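J.: Sequence:
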Amino acid sequence: MMKKTMLALLALGSVLGACSTVENALEKTSESVEKASTALLGKSMTYQCANNQEVKVRAYQKGSSHLIDLQLPNKEQHTLAQVVAASGEKYQGNIYEWWGKGETAYFTNIMNGPQEGVECRLVKPS
Numbered sequence: 015m016m017k018k019t020m021l022a023l024l025a026l027g028s029v030l031g032a033c034s035t036v037e038n039a040l041e042k043t044s045e046s047v048e049k050a051s052t053a054l055l056g057k058s059m060t061y062q063c064a065n066n067q068e069v070k071v072r073a074y075q076k077g078s079s080h081l082i083d084l085q086l087p088n089k090e091q092h093t094l095a096q097v098v099a100a101s102g103e104k105y106q107g108n109i110y111e112w113w114g115k116g117e118t119a120y121f122t123n124i125m126n127g128p129q130e131g132v133e134c135r136l137v138k139p140s
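Residue numbers for the sequence shown follow the working numbering, so the first one is 15 and each next one is one higher.
Derived from the structure by calculation, the hints contain no laboratory data. Because the structure is a prediction, the values reported are computed rather than measured. Treat the hints with care, since some could be wrong.
To be verified - Here are the simulated DMTMM-like pairs of lysine to aspartate or glutamate, each with C-alpha atoms no more than 20 Å apart in a straight line: (1) K104 with E133; (2) K76 with E111; (3) K76 with E130; (4) K57 with E103; (5) K70 with E133; (6) K70 with E103; (7) K57 with D83; (8) K138 with E117; (9) K70 with E90; (10) K138 with E103; (11) K70 with E111; (12) K76 with E133; (13) K115 with E130; (14) K76 with E117; (15) K89 with E68; (16) K57 with E68; (17) K89 with E111; (18) K70 with E117; (19) K104 with E130; (20) K76 with E103; (21) K89 with E103; (22) K57 with E117; (23) K115 with E103; (24) K115 with E90; (25) K138 with E68; (26) K115 with D83; (27) K70 with D83; (28) K104 with E117; (29) K57 with E111.
Said to hold, decoys possible - Label pairs and their calculated CB-CB ranges: (30) G77 with E130: 17 to 27 Å; (31) N123 with A99: 30 to 40 Å; (32) S78 with Q129: 26 to 36 Å.
Every residue, glycine too, gets a C-beta built ideally from N, C-alpha and C.
Work out the full structure: start from the sequences and follow the hints.
T.: Structure, rendered in structure tokens:
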């Protein structure tokens, strides 16, 4: 009986420890996203993409949401909301995805599949 009680207590301790670790990881991820997106707020940037087209990006915050407006070469504008990314910043909206890190970003029409993204390079921040 004593062995079963000890095993149950050890198992409970392991579960509680794992919950704490997951909670800490989520907090760190949230802090990283907040720091990265705050650095871009209010800035407009121009990217030159591999398909020789230019995309303009403006980052801003509305309430607690971090958003970007993309202006495509055909003058279409799309608003994308920030989503969690393992690295860099990732935004999604409607059928588009914008994932950037440093001076490189990938613009994808999700309907074409994730392998169909176009690489874009920062030309000039405004």
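J.: Each hint should be assessed against the structure and marked as holding or not.
T.: Here's how the hints hold up against the structure:
With a C-alpha separation of about 14 Å, the suggested pairing of K104 with E133 holds against the 20 Å cut-off. Proposed proximity of K76 and E111 is supported: the alpha carbons are some 19 Å apart, at most 20 Å. For the suggested pair K76 and E130, the alpha carbons sit about 30 Å apart, so the restraint of at most 20 Å is broken. Note on K57 and E103: the hinted pairing holds, with a Cα-Cα distance of about 14 Å set against a maximum of 20 Å.
The hinted pair formed by K70 and E133 meets the criterion: a straight-line CA distance of about 14 Å does not exceed 20 Å. Annotation: proposed proximity of K70 to E103 holds, straight-line Cα distance about 16 Å (limit 20 Å). Restraint check: the Cα-Cα separation between K57 and D83 comes to about 11 Å, which is no more than 20 Å; the hinted pair holds. The straight-line distance between the Cα atoms of K138 and E117 is roughly 10 Å, inside the 20 Å bound, and the hint therefore holds.
Using a Cα cut-off of 20 Å, the hinted pair K70 and E90 holds, with the two alpha carbons roughly 11 Å apart. For the proposed pair K138 and E103, the alpha carbon gap of about 18 Å is at most 20 Å, so the pair holds. Using a Cα cut-off of 20 Å, the hinted pair K70 and E111 holds, with the two alpha carbons roughly 14 Å apart. Pair hint K76 plus E133 does not hold up; C-alpha atoms about 27 Å apart against a cutoff of 20 Å.
The hinted pair formed by K115 and E130 meets the criterion: a straight-line CA distance of about 18 Å does not exceed 20 Å. Pair hint K76 plus E117 does not hold up; C-alpha atoms about 24 Å apart against a cutoff of 20 Å. About 10 Å separates the Cα atoms of K89 and E68, which keeps this hinted pair within 20 Å; it holds. Among the hinted pairs, K57 with E68 is consistent with the structure: their alpha-carbon atoms are about 17 Å apart, no more than 20 Å.
About 17 Å separates the Cα atoms of K89 and E111, which keeps this hinted pair within 20 Å; it holds. Annotation: proposed proximity of K70 to E117 holds, straight-line Cα distance about 13 Å (limit 20 Å). About 16 Å separates the Cα atoms of K104 and E130, which keeps this hinted pair within 20 Å; it holds. Between the alpha carbons of K76 and E103 the distance comes to roughly 17 Å, so the proposed pair stays at or under 20 Å and holds.
Between K89 and E103 the CA atoms are separated by roughly 23 Å; this puts the pair beyond 20 Å, and the hint is violated. For the hint pairing K57 with E117, the CA-to-CA distance comes to about 14 Å; that is within 20 Å, so the pair holds. Under the criterion of a C-alpha separation no larger than 20 Å, the hint pairing K115 with E103 is consistent with the structure, at around 6 Å. Restraint check: the Cα-Cα separation between K115 and E90 comes to about 24 Å, which exceeds 20 Å; the hinted pair is violated.
At most 20 Å may separate the alpha-carbon atoms for a hinted pair to count; K138 and E68 meet this at roughly 11 Å. For the suggested pair K115 and D83, the alpha carbons sit about 17 Å apart, so the restraint of at most 20 Å is met. For the hint linking K70 to D83, the alpha-carbon distance of about 8 Å falls within 20 Å, and the restraint holds. Distance check on the hinted pair: K104 and E117 sit about 14 Å apart at the alpha-carbon level, within 20 Å; holds.
Distance restraint check for K57 and E111: the Cα-Cα separation of roughly 19 Å lies within the 20 Å cut-off, and the hinted pair is therefore satisfied. In this structure the supplied range 17 to 27 Å is violated for G77 paired with E130, their Cβ-Cβ distance being about 32 Å. Between N123 and A99 the CB atoms are about 18 Å apart, so this pair departs from the stated range of 30 to 40 Å. Here the CB-CB span from S78 to Q129 is close to 33 Å, well matched to the stated 26 to 36 Å.
Checked against the numbered hints above, the structure violates hints 3, 12, 14, 21, 24, 30, 31; every other hint is satisfied.
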